[in-house]
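Read top to bottom, the protein sequences are chains V and U. Heads up, the first sequence is in the numbering used here, so the first residue is 1 and it goes up one at a time. Heads up, the second sequence is in the numbering used here, so the first residue is 1 and it goes up one at a time.
Just so you know, these hints were derived from the structure itself, not from any lab. Please note that the accuracy of each hint is not assured.
Calculated pairs, DSSO-like style, for lysine-lysine (alpha carbon to alpha carbon, straight line, at most 30 Å) [as the list claims (entries may be wrong)]:
#	chain 1	residue 1	chain 2	residue 2
1	V	36	U	337
2	U	318	U	36
3	V	318	U	36
4	V	337	U	259
5	U	47	U	36
6	V	95	U	337
7	V	47	V	231
8	V	113	V	259
9	U	95	U	337
10	V	132	V	113
11	V	337	U	36
12	V	231	U	36
13	U	318	V	36
14	U	337	V	231
15	V	47	V	259
16	V	95	U	259
17	V	36	U	95
18	U	231	V	95
19	V	231	U	95
20	V	48	V	231
2 protein chains.
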Amino acid sequence: MSDPVQLRIPGPTPLPETVREAGSRQMVNHRGPEFKELLGRVTTAMKKGFRTESEVLIITSSGTGALEAAVVNTLSPGDSVLSVNIGVFGDRFAKICRAYGADVTTLAVEHGKAADPSDVGAQLREMAADGKPAVAVLVTFNETSTGVTNPLEEIAQQIHHDAPDALILVDAVSGLGAIPLEMDAWGLDVVTTGSQKSWMVPPGLAMVALSPRAWAAVERSTMPRFYFDLKLHRDAMARGETPWTPAISVAFALDEGIKLIEAEGYPRIFARHAACGAAARAGLEALGIRLLADPDVASNTVTSAWLPDGVEWSALTKVCRARGLVLAGGQGQLTGKIFRVGHLGSVTTDDIVRCMEILEDALAELGLQIEPGASARAAAQAAANANDGATERKPVFATTA
Amino acid sequence: MSDPVQLRIPGPTPLPETVREAGSRQMVNHRGPEFKELLGRVTTAMKKGFRTESEVLIITSSGTGALEAAVVNTLSPGDSVLSVNIGVFGDRFAKICRAYGADVTTLAVEHGKAADPSDVGAQLREMAADGKPAVAVLVTFNETSTGVTNPLEEIAQQIHHDAPDALILVDAVSGLGAIPLEMDAWGLDVVTTGSQKSWMVPPGLAMVALSPRAWAAVERSTMPRFYFDLKLHRDAMARGETPWTPAISVAFALDEGIKLIEAEGYPRIFARHAACGAAARAGLEALGIRLLADPDVASNTVTSAWLPDGVEWSALTKVCRARGLVLAGGQGQLTGKIFRVGHLGSVTTDDIVRCMEILEDALAELGLQIEPGASARAAAQAAANANDGATERKPVFATTA
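Let the hints inform the model, and build the full structure from the sequences given.
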């Protein structure tokens, strides 16, 4: 491999140099003053990312652990739950609910499409009419397996309208911090994310915030829990600690990742991800590759595309890897059918242009007729257009500074 | 602080230089070939640490997560469980069982003492006579809160004798890899540890191994689980993966920590910890400080001592910190009564001698009458004696190489 590796998967994302350095710091006592300060700094900063006045708790786990925490702290066995399922991660959220005894109704959406808020509303009304009104609705913000971003604000509005008492539990793992999300303003009850996503940090920490309504639900919830017991986390946080020994080196890295985020500012970060998404979509289409996601709801953190006819995923990943490019394959039912380009966290439009250059070369080796340079040019043009149009686009939310 | 910080707590432990470097490596795809190789290498090496033919699974969590995994994968609500409780971590293991609906009987042991195998046997016979024979026994190998190492081999023998069907679930978090433990030869059913202990690595990964008998219990167990579902972990491991995104940087560090461990060899590692333990105990006693743990069962990874009369923990930690020494306080009922010196992982007898020098100085500042140099001399002498006697001590087990 002549180039350094381009890790273009939807997490873990490449680490900036200062984040890597921070991750190599010597250990400290996780119940001492240094860690207390760090935890205070990181969780305060995280509230700006979540756009919430609620406390953000930090758990040592993958994002899946945070999803489990969301479920087991707010629900009880037998609770009626609506799963808005647009892919593998929506499916996982529902599986967690079922594992703990919830009664899950699934609104399944075709892969590549977002959930239609009016379908969510209709399903909620139907559940109520059937005598089992939803206690909670599970929604994926950004579905990593299909590269689709749900219209979360509109879905939340619809839920508030049709099932005002239902909690809204959000898997925001691969979107929060890269795509605008407003926890408080949209009335989301539990929001989750993970360190290895937009935060530009190694995996190992997950973050979760609960609305006051969700904290009230915690008091009623009877699902069993211990490691993920968020009351224990909240109590420990009040002392500047975590209940169990945390992934300290990941926390050091997160502290540094947040510094980079605050220096850049969320509006610029969202615009950068939008430009990278546009570049990836344009570059792939210029290669004659069909995108999986509906253009209207295509994710700005990961782009999914159908494998070209006659191209096996195993062959594609091999020729790409030989050129230093690491892509992601399909998951679940899409395994062997699609591939995915991650553009999340520490990524620039130049990275996407370079990714397209490598992909062109790789696909040519696999025998596809490729017009040299067309994909990279299209990606660069889309990136430029996105950047030019930045001031005219739907305004991104202001940071609380 | 003139000295670099001496982190003398029972985990996280100081990181060797090469471990720190490994922890700063750039990310890779956790579902790609590099991570698959690493996972194979680390888990194969871990089997030698556990002394087992069973697979060692790696979970992204603290050690407490591994304890939860041990419980929820092998037990069912209502199961009768004996908790052999010699301190805070024994208590935590029992709390996990209760949180998931087990019927826990506690054999409480005075703090500072180990469990007497015959008491365990008597309790098991009593439970059987009461018509609720134990389905499992929870045992802490090395109780971090009191600095006591249980006679695990003898306890296991007694359990096999009096309750041959009971599973033996072992919290070996702070002992395994530093103090001899034989999972297979002693007939232990679930054994757990954590990266930040003897493995010399940052916290974030926990390891767990199940005997064939424990895997059979998994099939019967009905406690709910998802993140900690060990069948999902075992299935993923067969593909060279973890089911959820793992703490990759901690895994890089663990790979390096294991290289250091294999280069030193377990017999030498056990002898080093024994010498450090002897040095810590002798050094503290030379300061006129009373040790908490019974000498016969005092831990070789952490030494607990009563705070001298008139010395508050808050004052002691402050004067020690000012000199670059970080000690641990008491936990649970022992908060404010004891302090603890960790000597676990990357530690030498020289570190302990230096620790005693600082402690002497710190206690003198607090107004104690201290004979200058006595504690460090006693520590050095005990270390030398331990090293001299190494060949005559009860033989440590041979590594499988």
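Violated hints, by number in ascending order, as checked against the structure: Violated: hints 2, 4, 6, 8, 12, 16.
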